[in-house]
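Peer 1: Put chain Y on the given structure of chain F with help from the hints.
Number of protein chains: 2
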Amino acid sequence: MVVGRKWILKHHFDGEVTADAFQLVSEELPPLKEGEIQIKTEWISVDPYMLPYTKSMSPPMTMIGSSVALVEESKNSKFPKGSSVISYAGWVERAVLNPETKMRTMPMCVPAPALPPGMNPSLLLGACGMPGNTAYFGFLEICQPKAGETVVVSGAAGAVGSLVGQIAKIKGCTVIGFAGTDDKVAWLKELGFDHAFNYKKVSVKDSLSHAAPKGVDCYFDNVGGEMSVSVMEAMNKFGRVSVCGAISQYAEAKNNSKCILPLCVFKELKVEGFLVPRWLHRWQEGIMAMAGWVAGGKIKARETIMEGFTNTPHAMVGLFKGTNTGKMIVKV
Amino acid sequence: MVVGRKWILKHHFDGEVTADAFQLVSEELPPLKEGEIQIKTEWISVDPYMLPYTKSMSPPMTMIGSSVALVEESKNSKFPKGSSVISYAGWVERAVLNPETKMRTMPMCVPAPALPPGMNPSLLLGACGMPGNTAYFGFLEICQPKAGETVVVSGAAGAVGSLVGQIAKIKGCTVIGFAGTDDKVAWLKELGFDHAFNYKKVSVKDSLSHAAPKGVDCYFDNVGGEMSVSVMEAMNKFGRVSVCGAISQYAEAKNNSKCILPLCVFKELKVEGFLVPRWLHRWQEGIMAMAGWVAGGKIKARETIMEGFTNTPHAMVGLFKGTNTGKMIVKV
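Chains as they are written, first to last, in the numbering used here: chain F, 1469 to 1800; chain Y, 1469 to 1800.
Okay, chain F solo, but in the shape it has when bound:
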């Protein structure tokens, strides 16, 4: 008899993310049917999108998310025992599943892409996974940055933001990052950001009048709300805003920041939101480009690792408090 543990989201988050919204459950796993595999999760990804996504779902339910897992048993020849998979089965320690069922837009499991030697498989959840492709396509396709332009990144020390800033440097842009602690700001400067600011200590407006004297051309937005208004006020005509997320807004129903639409008109801004499955048909291209930059030392991928499956809810709470630098991840 094999026992699997999983984290149940008991109910929607009431405003902020707290650990008591989750419950750890043990269950006996069923025997494998034809086509099924048994996985053992090794790395779990904890990401900002989880909060707004669960809002439209119906708890109680197994908490959603992606992970790197080992195939422990297999009745599916495409997923042999001992191989690695990227799983979208959620916060499960062990599970029996059919890898070919769909989890909304993503397949339940895909074989883990092969990374260059020496790269940790956890990168498949970060720089060489969904956050990597989010940065790669979401920035390059939507912002269409040109060498010499000025790029602002909010949430710059997060999993996606830190990659966007480094890609922008590779493309010859001047890069300005905003983050929420002095340590994060120091790290952004190590990564090669031209300017980095702690938005809790300085005004976005003043920072940009100093760091972007020619105005801002591209804005990669992870944050939303008041900060986004301030950045858009500093943008040039025909600026491009890639809206990757709005973490400051996910818990709030209303805010009192200015309406950005007048700015859109008078600066002729283009503001486009995206979800990264838009580029599923180019997924491998993005992963390989990112892996090449990481292997070549052009992109540094930092992780904040919490140990232990039982700590997964705390990783999620920490993510929304900003305790991570780079990718927040759980080592099972």
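Keep in mind that a hint or two might mislead.
Copies of the same chain are indistinguishable here, so a pair counts whether it falls within one copy or spans any two.
Taking lysine-lysine and the DSS-like style, the derived pairs with C-alpha atoms no more than 25 Å apart in a straight line are [unchecked claim]:
1. K1570 with K1501
2. K1523 with K1705
3. K1735 with K1570
4. K1523 with K1735
5. K1668 with K1682
6. K1682 with K1523
7. K1523 with K1673
None of these hints come from the bench; they were simulated from the model. All values derive from a computational prediction rather than experimental measurement.
Peer 2: This is chain Y only, laid out in the frame that chain F set:
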């Protein structure tokens, strides 16, 4: 000696547009120099953009705006005596000017385009002028509407909105308009809008759940603020928002509507603002297309005409109170 009258904007509007911000001034016109012309204004256009534009200017100054004028005297062979011009000289009854100087992005004067027989020259300030091109390019280029799609227009009974709805019908779309009086709503239905609602009486959300059961694909926004949030909440994935104006926001520094950025993300919306001089190189194309549709009866162009140069400030006040249906215009 020829005397010209003009309206001076004495100071910025303090919140709302009031007539006492203007002062009527008479002045003796100078003799014509080589290259100059003397114009007599016949029709003055009063438009929403004037409020936000003047915010970045330095009153006291001659109030800005476009008009149709007659050339009364000329020392410029391109603008012969007796010809008609589109003038950007502002709220002047008579003026001496060099038509080739620039008024920001626009030339001071251009020869008035020839309209099909029977069409009133005031249309050169509406359906066959800047508002016409704003509707034509701002809707077709930015929304890229496809036959069968659902289009929402806010400020639908205004000069631009009423044209956008009719263009959308020509393109085979289902068209829903929002306006602020029952009379305007009745007129929108006469124009062929599939649905029209008085947003002061019904909720935008409820209206759209009834009128747009398949969701909204394109939104042409003249209004901004809370209404725009509600429309975007009803939009389909990959919806396109053309932000023409945000009249509800021009007087306010802050509002308490939701931040639209989360909607941009999860619906993968593209929100693009524009200023119509972007298409100056295609100006004549737009005017001729619009004139053709008006002459062929496919587009009805309604005007709210106030009589008398001295009433120009009252036309402007009325515009922001929503007293106009269609184009607000002053007959000098």
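Peer 1: So, for every hint listed, does it hold in this structure?
Peer 2: Right, here's what the structure says about each hint:
1. With identical chains, the CA atoms of K1570 and K1501 are at most 25 Å apart within one copy only, with a shortest distance of 17 Å there and 77 Å across copies.
2. Proximity of K1523 and K1705 under a CA criterion of 25 Å is satisfied inter-copy only: 18 Å between copies versus 36 Å inside one chain copy.
3. Taking the closest pair of Cα atoms, K1735 and K1570 come within 25 Å of each other only across two copies (20 Å); inside a single copy the shortest separation is 42 Å, beyond that limit.
4. Taking the shortest Cα distances, K1523 and K1735 sit within 25 Å of each other only across copies (15 Å), while inside one copy they are farther apart (34 Å).
5. In the homo-oligomer, the alpha carbons of K1668 and K1682 lie at most 25 Å apart inside one protomer (24 Å), although the nearest pairing across protomers, at 43 Å, exceeds that limit.
6. Only between protomers do K1682 and K1523 lie at most 25 Å apart by alpha-carbon distance; the minimum there is 22 Å, versus 40 Å within a single protomer.
7. For the homomeric pair K1523 and K1673, the shortest alpha-carbon distance between copies (19 Å) is at most 25 Å, but the shortest distance inside one copy (33 Å) is not.
When the structure is compared with the earlier hints, no violation turns up for any of them.
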